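Asker: So you can see what is in the structure, the chains are spelled out below.
Number of protein chains: 4
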Amino acid sequence: STPGNGAARPPSSAVAASRPLDRRGRLGDTGLAMDDMTPTLLHGVPPKVKAPKAYGDRLHRLQVELVKLQRAIVKQDLRVCVLIEGRDAAGKDGMIRRIVRHMAPRVVKSVALGKPTETERHQWYFQRYAAHLPTSSEMVLFNRSWYNRGVVEPVMGFCSPAQADAFLEDAPKFEAMIQRGGLKLFKYWIEVSREEQAKRLERRRQDPLRQWKISPVDDAAQAHYDAFTRARDRMLAATDHPHGRWLIVNGNNKKAARLNLIADLLSRLTYPEKDDDALSVDPTVVMPYRA
Amino acid sequence: STPGNGAARPPSSAVAASRPLDRRGRLGDTGLAMDDMTPTLLHGVPPKVKAPKAYGDRLHRLQVELVKLQRAIVKQDLRVCVLIEGRDAAGKDGMIRRIVRHMAPRVVKSVALGKPTETERHQWYFQRYAAHLPTSSEMVLFNRSWYNRGVVEPVMGFCSPAQADAFLEDAPKFEAMIQRGGLKLFKYWIEVSREEQAKRLERRRQDPLRQWKISPVDDAAQAHYDAFTRARDRMLAATDHPHGRWLIVNGNNKKAARLNLIADLLSRLTYPEKDDDALSVDPTVVMPYRA
Amino acid sequence: STPGNGAARPPSSAVAASRPLDRRGRLGDTGLAMDDMTPTLLHGVPPKVKAPKAYGDRLHRLQVELVKLQRAIVKQDLRVCVLIEGRDAAGKDGMIRRIVRHMAPRVVKSVALGKPTETERHQWYFQRYAAHLPTSSEMVLFNRSWYNRGVVEPVMGFCSPAQADAFLEDAPKFEAMIQRGGLKLFKYWIEVSREEQAKRLERRRQDPLRQWKISPVDDAAQAHYDAFTRARDRMLAATDHPHGRWLIVNGNNKKAARLNLIADLLSRLTYPEKDDDALSVDPTVVMPYRA
Amino acid sequence: STPGNGAARPPSSAVAASRPLDRRGRLGDTGLAMDDMTPTLLHGVPPKVKAPKAYGDRLHRLQVELVKLQRAIVKQDLRVCVLIEGRDAAGKDGMIRRIVRHMAPRVVKSVALGKPTETERHQWYFQRYAAHLPTSSEMVLFNRSWYNRGVVEPVMGFCSPAQADAFLEDAPKFEAMIQRGGLKLFKYWIEVSREEQAKRLERRRQDPLRQWKISPVDDAAQAHYDAFTRARDRMLAATDHPHGRWLIVNGNNKKAARLNLIADLLSRLTYPEKDDDALSVDPTVVMPYRA
Ligand SMILES: Nc1ncnc2c1ncn2[C@@H]1O[C@H](COP(=O)(O)OP(=O)(O)O)[C@@H](O)[C@H]1O
Ligand SMILES: Nc1ncnc2c1ncn2[C@@H]1O[C@H](COP(=O)(O)OP(=O)(O)O)[C@@H](O)[C@H]1O
Ligand SMILES: Nc1ncnc2c1ncn2[C@@H]1O[C@H](COP(=O)(O)OP(=O)(O)O)[C@@H](O)[C@H]1O
Ligand SMILES: Nc1ncnc2c1ncn2[C@@H]1O[C@H](COP(=O)(O)O)[C@@H](O)[C@H]1O
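Residue numbers (the working numbering), protein chains in the order written: chain A, 5 to 295; chain B, 5 to 295; chain C, 5 to 295; chain D, 5 to 295.
These aren't lab readings, by the way, just hints derived from the structure by calculation.
Facing chain C, according to a computed beta carbon distance under 7 Å, are these residues of chain D, among others:
hint, residue
1, THR123
2, HIS126
3, GLN127
4, TRP128
5, GLN131
6, ALA134
7, LEU137
8, THR139
9, SER140
10, ALA170
11, ASP174
12, LYS177
13, MET181
14, ILE182
15, ARG184
As a list, the in silico BS3-like pairs of lysine-lysine whose alpha-carbon atoms are at most 25 Å apart:
hint, chain 1, residue 1, chain 2, residue 2
16, A, LYS217, D, LYS72
17, D, LYS217, A, LYS79
18, A, LYS259, A, LYS278
19, B, LYS72, C, LYS119
20, D, LYS203, D, LYS54
21, A, LYS217, D, LYS113
22, B, LYS119, C, LYS113
23, C, LYS72, C, LYS258
24, A, LYS52, A, LYS258
25, B, LYS72, B, LYS113
26, B, LYS217, C, LYS79
27, C, LYS278, B, LYS217
28, C, LYS177, D, LYS177
29, D, LYS217, A, LYS113
30, C, LYS72, B, LYS217
Example chain D residues on the side facing chain A (calculated, C-beta under 8 Å, incomplete):
hint, residue
31, VAL71
32, HIS106
33, TRP216
Keep in mind the model is a prediction, meaning the values are calculated, not measured.
Note that the Cβ used here is the ideal one computed from N, Cα and C, for glycine as well.
One chain only, chain A, in its complex shape (with noise of 0.2 Å):
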């Protein structure tokens, strides 16, 4: 199915420029050659991404890059706000854990919120959300964040068609005001193919450690991959903007996804000590949505 047809409501206006088409069209006008790169890997065809070599001391020198950035936090109290989005199974979870594994608790904290209790549905939407945004000295990486009403909210029925249509207007907006006084965002969407997520799920099937989070979330993640797709693009359109741009990560190896992910994270700060050499990023793994 062509992706952004079938869409199940018509788009508000706010997001009616987000039709894969456009938007193909024009990445293309930007000149690059973008349509092996971000359709591919937006648009289902399982790219092929290698194993990376060395994969254990890459992600050593990279941790020990993350020791230094923590240091620098500290000392020239920053506050960074990372956003770890994507499908499920795209690995988020073990995204996160290699980032934190060797950083301090009290500097670089992971935040997941479960679903909402009575409480917070009835709250202003990003309150809860809210709550948790870095204070100064602070690194916090949201694993899953306020675009559950970009994608899973919307797809799975737990919003109505105009709660989502508000929060694509409402987080630009929300993400601008945050920015005041210094705080730096990053929002990485991890992509995964519809037969990479297949496997995964089945994984997680049968593996007695994992049984337990299968949730209906990711019942519906393969047998609705295409309203996915489509809330996703949406999403994307409406959401990247010059105070929030999305850098899209091939998730189909988890391993080049880590030390991708990571050194684009890193090249994009600043902190003393330095190893720019650790930090070369796969542009065809982790690319901006919008060169």
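Take the given structure of chain A and dock chains B, C and D with the ligands to it, following the hints.
Answerer: For chains B, C and D with the ligands alone, coordinates are given in the frame of chain A:
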């Protein structure tokens, strides 16, 4: 001194339209005889407010209405947010005490945040206020609010001019956002003349029960009366918007202010068994900032 | 009915000594003429309390003393914890309102916890109360307290007999523990006679401002007046201990109760510029449970 | 040096019985050959612990059991509280990481409180810990716990001797209280020999990933090894009680410690489909403080 002319710093583009001359003109254009009202009230000539008759009885009647409102808040799952702003000694505390006096503390909450802690100082500015927004079946009264950064903070030097400018731009967006999903927001500014404020602050200084309340902000209230006026005008002009209209209350007579603010608030809400006769508002005591 | 005899369930060994007969005996042994006082007050004969003269002036004078106390709390980093307990309609809310009226909300806090949430219900019983204990430079007034489990909960069936028994054993230990490091604890039980309570509850039912306050617990207050008496006696006997003496307040006249409870509390604390003349306590209105 | 003899301050009466001599005697009285075990382990001779075979497989099997336990925690509304205590570099963090690795973060929580804030410093000592006790369907692992005041704080001078004495008296009462209503408490002390600790701290100093973890407490760990031993012995003797038995873990081999602590914990709990074969515990690696 002509308010607005001697402004300590050039108004940001966002609030350029806030100069009294413009505004007074615009007000005149409405055809309403606002010249004798809003300007009088907001520009320092102490308006004579007659002490209301039968204050006790009328307050009692309004409190009965508030109890009806409370019932509706619970039954209809309303979320009501009321900002009580104004100069020092304008009568904010006493106002709120009368409103909550016979209401259920689990339904009606009053929030008076102190000066921010070190942690809060480095958070997103709206974060600590957002934490107190009403959830379902709640009314929250803010005794001072995020508008601290519109008036008190820039005048007292608690924030930078750039922070105050950013605030004036963000406040309307924040207010539009939090009203998604049905929260109702009301913003009252209680004004008090230079003379009346002087009298009240002096009384406070004499009263052994109130001496401890004197803060650096109170000391500045008179010395910088005009600076507060200018900040107020800039703030009102920049933040009166379709999703957050300012209501100006003449606070020179406390009893009149109480009766009229409560009546005004109630008249803007729908609840069963409403006694409209109890809700007449004197338009010289409570008036919209923009008619 | 003779209080204590008709106890619904056999007293646990921990509180076996709490039977009125024993206690009255012991009281007699002290040589004090307590028979006309404590027993009268605690055993339901409505004592005649004269309305105090010059109530307004005396309250004002006490509130000036409370402000002096507040200053000492801040200067000397005191931690003061006051439990205001008693039957329904005993006048707890009004008492606390008079105490906090002119005190700084950041120094003096009043805590009235609602019925426990599902989460709280499965926590350690004291946990949600412990969260509100005063830190340095604070006074906390509990409007009802952990003693819910001593009286209201067992009478209303909100807890099991075993839970109530456990509570009576634990409360003194908990109170000894929290006073490590200097916190000062005061425990007041405001008593009201059957007749006076009936009058007040009836007035509440008639008053449009107070009708909403009527709860299932209020409905039971009269019907189970004797059961409350028995639970109260058991609770007082089991939880009056060297680190947590009970003070009994005759609440049949609200004004007298207020003046005397406040004077009693102040007289037990040390603070500069204390005006001892303002602090006389009528020993028939506030009296220690054990002399 | 004979442990206990050079104690910096005389033991309070509450813990007079804690002198190693007495205890060793008592242990001997049990008839168990504890002399070669507990004393060896607790008195500094580095016991040789063989690296366990098939570590990965055995850990995996235990983690499967932990997932079964997790299911029981949710289904049977259990509340489980596990204290992981021990010297610096004993392996607490890594232990907890293995336990939680495959468990649901909403069910199993790990709590590592930093040094107390100014506010917390003046609260009731147990207050900030009490806030994290498990509610229904939760397991909480404390990475260090209230026992900070039993060992680290007195040795480092973070609390007064009187505060430490008070703590030793209060801890058993606190633990008895929180277990009312069904919470299950487990207390593990992971011991590590002077030599092994030296090696680990040195490795930490060399490792760019761990350097930042070096704190003043770590620096003291070796210099005051004996003082920690004495405080530990005093603490264990005073706080091993019927409602809170200490379990001593030989931490000199991290892998053996992990397998045995997890197996020991699981063997003390009941849950469906328990695989007892996976839960054998080496009695020289985990042993009760008092047999
Ligand atoms: N009823 C609901 N309403 C809103 N959000 C929900 C609801 N149920 C689940 N979610 C959210 O959907 C997201 C995906 O759910 P799930 O796959 O169960 O969790 P995860 O992928 O984080 O393990 C989570 O962030 C969860 O909080
Ligand atoms: N189901 C319940 N379980 C435990 N406590 C309850 C329950 N219902 C009411 N309570 C408690 O009983 C006390 C008396 O209730 P009520 O008379 O309604 O309140 P109040 O007298 O404080 O206005 C309150 O502290 C309330 O929290
Ligand atoms: N000034 C202090 N007062 C009280 N406790 C402290 C203080 N400094 C450190 N601690 C506590 O001592 C313990 C050991 O400290 P440290 O070795 O730095 O941490 P950890 O071993 O948990 O990484 C921690 O629980 C910490 O909270
Ligand atoms: N240093 C500060 N920074 C920011 N706001 C402050 C500061 N001091 C006081 N305020 C705020 O100014 C308002 C008036 O202060 P006061 O009159 O002292 O209560 C209150 O809302 C305070 O929270």
